[in-house]
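A.B. asks: Below are the chains, spelled out letter by letter.
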Amino acid sequence: MKKLVCYLFLSMLVGFLQPVLAQDAPTTQITLRGKITDKKDKSPIAHVSVAEVDKDGRIVRGVTTDIEGNYALRITNTKHKISFSYIGYKTIEEDLQGKTTFNVQLEIANANSLNEVIVVGGRRTDNGNMSVSDKNLTIASAKIQAKDLEEMGSSSIDQALQGRLAGVDITASSGDPGAGMSIRIRGTSSINAGTNPLIVVDGMPYETAIPSDFNFGTADDQGYAQLLNIAPSDIKEIVVLKDAAATAMWGSRAASGVLLISTKRGIIGKPSLNYTFKGTMSKQPETIPMLNGNQYSNLIPEEVMNRTGTPLNTQNVKEFAYDPNDPYYYNNYGQNTNWIDAITQTGYAQDHNLSITGGGQKARYFASMGYFNQTGTTIGTGLTRINTRINLDYIVSERIKFRTDIAYTFTDNPKGYSPGSTAQEIRNVALNKMPNMSIYEYNEQGILTPNFFSPAANIQGQYPVTYNPVAMANAAKNRVYGNRITPHFNISYEIIPRTLILTGDIQFDINSTKNNTFLPQIATGRPVTETVVNRAYNGDYDGFNVQSKTNLLYTPQLKENHTLTTLVSFQTYDNKTISNQALTSNSASSLLQDPSVPSRTQNQDLNIGAGYAQTRTIGLLWNAQYAYKERYIINAGIRMDASSRFGPANRYGSFPSISTRWRVSSEPFMKSIKQINELSLRASYGQSGNAPRYDYSFYNNYASNGWSYQGQGGVFPSSMELSNLKWEVIHGLNFGVNLIAFKQRVNIDLEVYRNRTKDLLFYGLQIPSFTGYNSVDMNVGMLDNQGWELNIMTTPIKTKDWVVDFNFNISQNQNIIREMSPFYPKQNVTALTANGQYQAFLQINNPFGSIYGYRFQGVYADKAATIATDAKGAPIIGPNGQSVYMRFNYPQTDYVFQPGDAKYEDINKDGSIDYKDVVYLGNSNPKLSGGFGPNITFKGNFKISAFFNFRYGYDVVNGTQMTTTNMYGFNNQSTAVLRRWRNPGDVTDIPRAIWNAGFNWLGSDRYVEDASFLRFRSITARYTFTAKTLKKLKLKSLSTYLTAENLITFTKYTGQDPEVAPRGISGPFTIVTDNSTTPPVSMITFGIATSF
Amino acid sequence: MTKRKIIVGFTIVLAFSMLATSCKKWMTLQPQDGITRQEFWQTKEQIQSAVTGSYASLLGDPTGNDKPLSEYLFLWGELRADMITNGLGVTNDELDIINVNTLPTNANTKWASVYRTINYCNTIIDFAPSVINNDKTLTQVQLNAYLAEARALRGLMYFYLVKSFRDVPLKLKATSSDQDLQQIPKTSADTILKVILADLKYADSNAVFSYGNSMVDKGRITKYTVKAMLADVYLWMDNYTDAVDACNFIINSNQFGLIKGDDGWFNTLYFKGNSAESIFEFQYDNQKLNSFFSMLTTNRGRIYASPYVMDQIYTIDYVDDTKKDIRGEGASIRTSDNAIWKYLGVTSNTGRTQDASFAHWFVYRYADILLMKAEALNQIGGRGTEAIQLINTIRNRAGALAATNTNPDPSNKNDMTDYILAERARELSFEGKRWYDVLRNAKRNNYERKDILLNMVSRSAPGARQQSAINKYKNPDAHYFPIYFNELLLNPNLVQNPFYK
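So the sequences go chain by chain: R and A. For the first sequence, the working numbering assigns the number 11 to the initial residue and increments by one for each residue that follows. For the second sequence, the working numbering assigns the number 103 to the initial residue and increments by one for each residue that follows.
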């Protein structure tokens, strides 16, 4: 690393010294004199800076005028220029031409020039390394201005982007504050979860992954994707690079797409102070109606009786005794508690952001500070964030510029304590919890005490299956604290002005995350000897990241009609992560909540651990873009990557890319068609390589056992050497059409693509266990990820008073396996003979996402209905003339269906329901998804925008329905079970209750539902105050708005939410199952934005 | 201008060439919180820790994803037999095995935990011999002793597999790289038994007699442990003279004896462990607890003793309640709730708490050797009286009740077989042996005594399932577990065991 940094500075130094060395010696010493006055009222202006500048615009010497407007400046070189500048006035620059007196009149700059943007020549898109004007782009990309999103009440930019960009799919892992988002660009081109795109902030990659060996106590890494914690108000625009030719620029970490984020920078002008405020109120919608205590207490004894044939013995199971002579049980188990309501609250959020921006010719600044505070809809959840950012630009001369950006973010994210699996999360436990239980304990006399009622165990089980959710929400702790600072330094030197530019970037990223959890005894009720009592965890993870980038950009001045830009870029990445964690238990009280409090550490589930991992990559890139007459544009490049995650044999990879654009509309034959402003055809092909997720996998690693044997430490081989592991290479092919017509009022982008991933990396591929291992990471096959996207932006109405925009995006994406390793299983690992399981197969050349299972046909009303019938519908008669009844999985399981059992279709009419009766039930690949919405502006200051998103042709397994109607365990059930089968002859669609037996909830079409939906995602009304009002208020700008989100969803789906749960298809065996028990929260946001 | 260009160009070229050379070094990173194979295998201490690691894997899955091996061994040895019954907390998979309805989808038929330990042993066997080149203080004898431990442990693991699954894949090379991955078919049980014998014979000639510490001697494999394994394997292979020889080696060594059946007997033998009676135990302790507490405790426990155990196996003396078999109430069973007390008690009447759930898992102890010898003697024929003497030693220590003494004719092999088997049930109850004992005696001489197994099933299977269970067990193929279906999906060369196809 040292060498690299050395090199970087060395090359910069060469750049710095050069003009200094080259400078000509001063010829004469001349003193200039003069007076500066205002052009309008002829009054003298004080403090005007008068400077001698060289031919590169670099200040050599400078003075300011006195109160009379006079100045005197000794000049070093007569070839130089003299410049006069003052904030609010136009800058004047003049050649000396031998004169010694300059009396200058300065003119007030008008408002426009104050906000003048430096870049000219149309909108440009920066791929992070070079900026190309939009009309010459050869790649597929999408751009969104952060301004369009700022009305939304979301805490992070990724939340706000949901559904806004064609082909970009963003889903939240939960509705809680600070929950992670998964971002997928054009679906997934890998068969692993966790293929988030690379985030690039101001030209440098931004780390969003946490190391795999750090477990953060209990949650998964998805829960911590809050790492993208740049304040939305600091963001200027976001560009999504979609095709492989575009992402090839960024190398191995960009294989799943690139999200380029530019933050705001200072602009020339007087200091402008901006303040924005957002206040949001969020409310949890109604959940599934569940049984109350009385209904539940009827169900459970019936359920047990159906299994055992004898009534539930309430002597032993006092939970259902309802005996007034036993006041303890009578009161504690005689309530009608709504556990969900007891842990739910109304959420509030406030977001303040103050920024100041401004600058002069030489220096510009943008500084901001934000404060965000949110309380979630579940008690005990929230998010506090404080962030600051300073972006400074200094222009030393026309040839040397540098920038320094420093951003700091602090987050404090109280999350609900989660014992481990999703089913044990607080909302799920609350939903499943016995409703006849009391929140607070009644004592033996039947008097309510203020103590939480947390029995060590009852018929539902014990912690972690069940616990007191109210006690958990109030007394448990799970906080994540984050401190992140990212200084970024950039210098750019024009070796040959406007032709050969050298830029150097170096960015440090220090990211410290601390997770503190505490599990109190008062929530679990377990005996004090167990380690789940007063269990305290403290985990600390620190990431140190140094990245550098050196670019040499060559733009020769060619003859007319030819343009060429060439880039050579060298990038390094060094990421070191250190983690420490401690887990202790049995502190003396539920109030002693830190592992530092003396408590128990011995035992294998209590431990102290540390982790260390380091990754390095190097990238060397060459890229050139050539255009002829702006009609024929071609871009070609090659990138060489090296990653420390490979062994020496497979470490290096080189990935070429090529893309072209043909501007048909500029051809002479198109000139006559006046309606078309722009028509271009684009094609691109590119490769990018994906390195494995884990470090050191090319070693056969030995680890220490977590426990000793007879006091001696042991060592075991923890992973095998993966010497076959190689780059996963994505071959991306993209065709695009851009059409702009009718005076720019219709803008259509169409993209068709195919990303073919070869040598697919698969993590945790199961292998036969006789090897001693259960799984291995391997390159397993070839996957196609293909689809199309259509983006239409129109302005149907454009009059003096009214502007109506209408935007529409729609896309389709499929994943198809083309080749697969023999080690990869051919079907999902599931037991079709067990309840709740669906089958999925690996089908070469077929899209992912098909669901197979039984076909549900209602409930056997009585004994006669269970008689098996043959293909003709006649009853099957046994050899002795006896009736043959329907059986399950004959002869292995050989269960005879009883009246009240679920009836499944006997497809092959053999009288037995088994794997031969499994049929295709649906597919979880959305046929279409997208969004649309109008923006209506009236007189330029009143604006209404609405946004809808939709998914069509999308089958989902409604897992929540399954678990809330199966009547299989002791969990609370939904009110649908009130119409269950109870007596012979009952005709219903809900089978009988039977405890831990029967086959009433096999994976069948009963739970497969069409989750197509159309959601009215948001509506915003914004009023911008007119100039007249502003003048009165002495403000530069003022606007206020009101936004409502998640207003209404049109769907046939009976689950909680057709959108929220599934993270999409991540592999050939993904059966998209909606286990969400709570719909997304509805929010109302009020906001003010002002500047003065 | 051109000069400058040259300077700049030269500097860049120089810098890049510098980079190319340092690049390789910069890119090579080593893990810092583990050790790689290339760095390991340098000293004899490292062999020692690898051997310790393979023993440690007996206590639990080092990667933390699987049930501990001892739990599988308990379930495999007891669920199909007649001494247990299910509790409220029983899992469906356990219930299915109890109900003689084992399907290939039953998660309790996973063999991964056994093969995991086999791979650790294979790793030692493959790589430890190279250490002698690096560590001059390591002698060949020492090295062979370590290898003896690894090979004996591997033999023991394969023996469990053969007894449970019959034909299984035979892997004798370590999996150390993804280049070693292959999909191998099953090897016949006979071949595997030969391999087991070869491993044990190697261990027999190279294992140490003692590690100089009586506790370590019970937790690691000594020559006596190997002899016990050999006796067990010979008995399974119907080689009775060699089985007797192996048992005699242990008996004649005078290193072992039965603990006196007094008040402290339970505490010494089962709570403290590593007694004079013990030969090999999995050494749980307070920093590595076993999983039996939650499995067997009263509060929604999964497995309980069958009422049949007290009624028929130990019996109760209704006339004189001071007379009792010490192995029954307060040792094997707490009669108030039929909890399996061997893993729950400190003494006969005080129990463990969860954080003291470190009862050792018994693999071999002296009483087992005596009974194995008795069984072999009975089969050799003409030595039934000797066998009776051995059984009486056991019975006298335990104060076995007269009701359980069937007074068999020493020359009647069948009666003697039943008598020895019943005594094994009493002595080794809930130590994961019952099913294998029944199967071994039933399958002898081409299933001559299948009735033992069928009688057992008619006792243990629930009424509704009795007939189907008996019918299943008439087929010897049903006496072995199915291969877990996942293994078949992952390895196309693997064929499901015959009964489950």
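Hints in this document: simulated from the structure, not taken from any laboratory. In this text the structure is predicted, and so the values were computed from the model without any measurement. Where a beta carbon is used, it is the ideal one built from N, C-alpha and C, also for glycine. Among the clues, some could well be false.
What the hints assert, rightly or not - Calculated cross-link-like contacts (lysine-lysine; reagent style DSSO-like; alpha-carbon spacing at most 30 Å):
1) A/603 to R/926
2) R/926 to R/810
3) R/836 to A/169
Said to hold, decoys possible - Derived, one-sided and incomplete: chain A residues facing chain R with beta-carbon distance under 10 Å:
4) 402
5) 451
6) 455
7) 524
8) 560
9) 594
10) 597
Claimed, not checked - Counterexamples of contact, computed for chain A against chain R with all Cβ distances above 10 Å:
11) 140
12) 225
13) 278
14) 390
15) 543
A.B. asks: Confirm or reject each hint.
C.D. replies: Status of each hint after checking the structure:
1. A/603 to R/926: holds (15 Å)
2. R/926 to R/810: Not OK: residue 926 of chain R and residue 810 of chain R at ~69 Å, beyond 30 Å, violated.
3. R/836 to A/169: With Cα atoms ~26 Å apart, residue 836 of chain R and residue 169 of chain A stay inside 30 Å; holds.
4. 402: Holds - the Cβ of residue 402 of chain A comes within 10 Å of chain R, reaching about 6 Å at its closest.
5. 451: violated (19 Å)
6. 455: Since chain R brings a Cβ to about 5 Å from residue 455 of chain A, closer than 10 Å, the hint holds.
7. 524: At about 32 Å, which exceeds the 10 Å cut-off, the nearest Cβ of chain R leaves the hint on residue 524 of chain A violated.
8. 560: With a minimum Cβ separation of about 18 Å from chain R (threshold 10 Å), the hint on residue 560 of chain A is violated.
9. 594: holds (7 Å)
10. 597: With a closest approach of 13 Å, the residue 597 of chain A hint is violated.
11. 140: violated (7 Å)
12. 225: violated (5 Å)
13. 278: violated (5 Å)
14. 390: violated (4 Å)
15. 543: holds (28 Å)
Violated hints, listed in ascending order, are 2, 5, 7, 8, 10, 11, 12, 13 and 14; each of the other numbered hints is respected by the structure.
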